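Work out the full structure, taking the sequences as your base and the hints as a guide.
Protein chains in written order, with the numbering used here: chain X, 91 to 127; chain H, 2 to 212; chain U, 4 to 223; chain D, 271 to 496.
Be aware that a few hints might be false.
Unchecked claim - Lysine to any residue pairs mimicking SDA-like chemistry, simulated, CA-CA at most 20 Å apart:
(1) H:K82 with H:L68
(2) H:K82 with H:R110
(3) U:K72 with D:V492
(4) H:K82 with D:K350
(5) U:K72 with U:A82
(6) D:K350 with D:T433
(7) D:K350 with H:S90
(8) D:K350 with D:G467
(9) U:K72 with U:V158
(10) X:K118 with U:P136
(11) U:K72 with U:R216
(12) H:K82 with D:T356
(13) D:K350 with H:G4
(14) U:K72 with X:M124
(15) H:K82 with D:E496
(16) H:K82 with H:I135
(17) H:K82 with H:S115
(18) D:K350 with D:N297
(19) U:K72 with U:I60
(20) D:K350 with H:D98
(21) H:K82 with D:F274
(22) U:K72 with U:F127
(23) U:K72 with U:G192
(24) U:K72 with X:E123
(25) X:K118 with U:W10
(26) D:K350 with D:M271
(27) D:K350 with H:H144
(28) U:K72 with U:R139
(29) U:K72 with D:E496
(30) X:K118 with U:F127
(31) H:K82 with D:P358
(32) H:K82 with H:V64
(33) U:K72 with X:V119
(34) H:K82 with D:T433
Rather than coming from a laboratory, the hints here were simulated on the basis of the structure. Only a predicted model underlies this, so the values are computations on that prediction, with no experimental measurement involved.
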Amino acid sequence: MNDLLGIMLVTLIIWAGLFAYVYRVDRKVRRLEMEDL
Amino acid sequence: MSGGVRLEFDDLAKRFDLRVVFRAVSGAAEPGEVLAITGPNGSGKSTLLTILCGLLRATRGTVRYLLSDGGAEIPRELWRKQLGIVAPSMSLYENLDALENLRFLALVRGMRQSEARCRECLESVGLDPARSTIVRGFSTGMHQRLKIAQAILHDPPVLFLDEPGSNLDPAGQDWLEELVADQREHGKTVVLATNDRREMEWGTRRVALPG
Amino acid sequence: MGTVLRWVLFVWMAVIIWAAFYYAPAASGFQGQSSRIVFFHVPTAWVATLAFLVSCIASIRYLRSRDPKEDIRASVAGALGLTFAILATVTGSIFARIMWGSYWNWDPRETSITFLLLIYAAYFALRAAIADPERRATMSAVYAILAFVTVPFLVFVVPRIYWSLHPDTIINTQGRIKMDSRMFQVLMGSLVGFTGVFSWLYSLECRVEGIRRRRQHEVL
Amino acid sequence: MWRFLAEAGAVFTKDLRTEFRTRVALNALGLFAITTLAAVSYTIGPYRIAENDRPFLLAALLWIVIFFAAMAGLDRTFVKEEDTHTAPLLRLSAEPLVVWAGKLLFNFVLLDVLMAILVPLYMVLMGFRVASTAGFLLVLVAGGYTLAVTTTMVAAIIARAMTRGALFSVLSLPLLLPLLIFLIQGTRAAVEGSAEGISDSLRAVVSLGGVMTVVSVVLFPVVWNE
Numbered sequence: 091m092n093d094l095l096g097i098m099l100v101t102l103i104i105w106a107g108l109f110a111y112v113y114r115v116d117r118k119v120r121r122l123e124m125e126d127l
Numbered sequence: 002m003s004g005g006v007r008l009e010f011d012d013l014a015k016r017f018d019l020r021v022v023f024r025a026v027s028g029a030a031e032p033g034e035v036l037a038i039t040g041p042n043g044s045g046k047s048t049l050l051t052i053l054c055g056l057l058r059a060t061r062g063t064v065r066y067l068l069s070d071g072g073a074e075i076p077r078e079l080w081r082k083q084l085g086i087v088a089p090s091m092s093l094y095e096n097l098d099a100l101e102n103l104r105f106l107a108l109v110r111g112m113r114q115s116e117a118r119c120r121e122c123l124e125s126v127g128l129d130p131a132r133s134t135i136v137r138g139f140s141t142g143m144h145q146r147l148k149i150a151q152a153i154l155h156d157p158p159v160l161f162l163d164e165p166g167s168n169l170d171p172a173g174q175d176w177l178e179e180l181v182a183d184q185r186e187h188g189k190t191v192v193l194a195t196n197d198r199r200e201m202e203w204g205t206r207r208v209a210l211p212g
Numbered sequence: 004m005g006t007v008l009r010w011v012l013f014v015w016m017a018v019i020i021w022a023a024f025y026y027a028p029a030a031s032g033f034q035g036q037s038s039r040i041v042f043f044h045v046p047t048a049w050v051a052t053l054a055f056l057v058s059c060i061a062s063i064r065y066l067r068s069r070d071p072k073e074d075i076r077a078s079v080a081g082a083l084g085l086t087f088a089i090l091a092t093v094t095g096s097i098f099a100r101i102m103w104g105s106y107w108n109w110d111p112r113e114t115s116i117t118f119l120l121l122i123y124a125a126y127f128a129l130r131a132a133i134a135d136p137e138r139r140a141t142m143s144a145v146y147a148i149l150a151f152v153t154v155p156f157l158v159f160v161v162p163r164i165y166w167s168l169h170p171d172t173i174i175n176t177q178g179r180i181k182m183d184s185r186m187f188q189v190l191m192g193s194l195v196g197f198t199g200v201f202s203w204l205y206s207l208e209c210r211v212e213g214i215r216r217r218r219q220h221e222v223l
Numbered sequence: 271m272w273r274f275l276a277e278a279g280a281v282f283t284k285d286l287r288t289e290f291r292t293r294v295a296l297n298a299l300g301l302f303a304i305t306t307l308a309a310v311s312y313t314i315g316p317y318r319i320a321e322n323d324r325p326f327l328l329a330a331l332l333w334i335v336i337f338f339a340a341m342a343g344l345d346r347t348f349v350k351e352e353d354t355h356t357a358p359l360l361r362l363s364a365e366p367l368v369v370w371a372g373k374l375l376f377n378f379v380l381l382d383v384l385m386a387i388l389v390p391l392y393m394v395l396m397g398f399r400v401a402s403t404a405g406f407l408l409v410l411v412a413g414g415y416t417l418a419v420t421t422t423m424v425a426a427i428i429a430r431a432m433t434r435g436a437l438f439s440v441l442s443l444p445l446l447l448p449l450l451i452f453l454i455q456g457t458r459a460a461v462e463g464s465a466e467g468i469s470d471s472l473r474a475v476v477s478l479g480g481v482m483t484v485v486s487v488v489l490f491p492v493v494w495n496e
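The following block contains the structure:
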């Protein structure tokens, strides 16, 4: 059972990391858009 | 062609990616007149001409062709029937001879029974219709004369001449001057892009492109 | 995409990942748990197709309105479509490896995705080959529509070529693994999740491209 | 309508006359086809393939040779217009669809000439016998047309691109995959003489050709006048 758990946790970590990165980019883009207006 | 065709262009600008070729260029050309477009090399004379004849889209600004009697605007698809153009960047089919070139252009321009007209144009520019050497064998002068022949083949109300005198011998240049004068008498609108001092004199109106 | 929606997406996908491993049972007829890749392979293929659709609609709209924003949408959808098509092909070959023991054997689904991959590759090869932004936009829009017209022919061709090109391969004939209800729910949930991720990335990248083009064109 | 045909005919004869005097496209097509065929027949030849595989494999090889030969030469007609700067004048003189029809006819005739040379040679070298010749000819002609209409459209697109190189085949092949599959099936059915197989593939090839024609009529002016 534990290897399944292992894979799941790794996938969750990857997903969290991806989400954080994209979220940060989203924030930065919003700031750039504010600058332009 | 009955009444002539008026050409109007205002606030024309053209940019190739980051390089602005010209900006805010306006002007008009009337039937029976010669609009001379001057400017140092690289100022965009040829680009402007390509835009005016509809082969290139301007980044900004408008180009309009109006029937001089009534002022109705001619739609873009019908422009091509109104235009004749001589330009260094436009050449003819090098594997066809002079007559074949003209016959082909006459046919695709929808001219009927154009054989006589083709021969007449050839003779008027000083080329012998009987000679069947292909255009690749032509001297640059003969090539230039054939280009002028095709430009007046369908008797267009608007004529664009981009450095028309280049490669012409002195006799050719005199003949060219007569041609331009003759076109003006027939109420044609001539747009001339040149740096040649003599050709500039033919212009009744001028648009100077900044360097 | 409001901020709340983003967090909902985050939680949704986390739940999907958990469900894919624990909520859904392993499909029968497989070596152990490896069938769970279906929850990640099918959505990527679905998003690649969806992105192609979005790219084609934006291309048609560009040709009508000549509005650069449509060109941005078409190219961004294309870029995402290419990424997901690659993901789908990779997960597909792993999936084939599990199901039939060979990495690649022109299974109907694989052919459609590979076909899509070829089209995206060609689309970007064309975009790279044209310098003038306006001409690039028009030519790539025309190509996208040409490819769009060809896809249905392949979708209808695929079942036929599957039998005629390889009549002799002894692959599980029904081609579809049996789905019990829980697996089906997780798969649908995963589809929704991936579509959410796609639309977020899509709108984000459109905005980024918009800013880049605006910055670049300050000159005129 | 008559005027349209006359003008399209003029574009066609112009291209034909140029091709006749320079033989650029025909050389590219013919040379490529013959060398590929020689390589295929030398390395594989009719006897190395198992008897029951022969109909399918020979059909597949035939069309692959034809397709790649097409990739070598069918873009010439548009690329030459741009390279020799004759396109602007043509753009100003002729209707876009006239140019499309003329060039399509030229590519179609070029392909027919290629197939007329290649297919008999292929039959001899590869021991390729066909049960229903009529069906085979129909598949060849329909395939030739659909191949021509698709490649003409792609050629028009890449002619306007600056760096060309292998762009023509990169762009054309994904669009031609379904056609290739239909034609291989049709040819195999012709070898085996199964009328039903032939009509299946013909219906598919003709409908694909029809769709491509309709799309080209709408999109070609957009590409040509860009």
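> Checking against the hints above, which ones are violated?
Replying inline: 4, 8, 9, 10, 13, 16, 23, 26, 30 and 34
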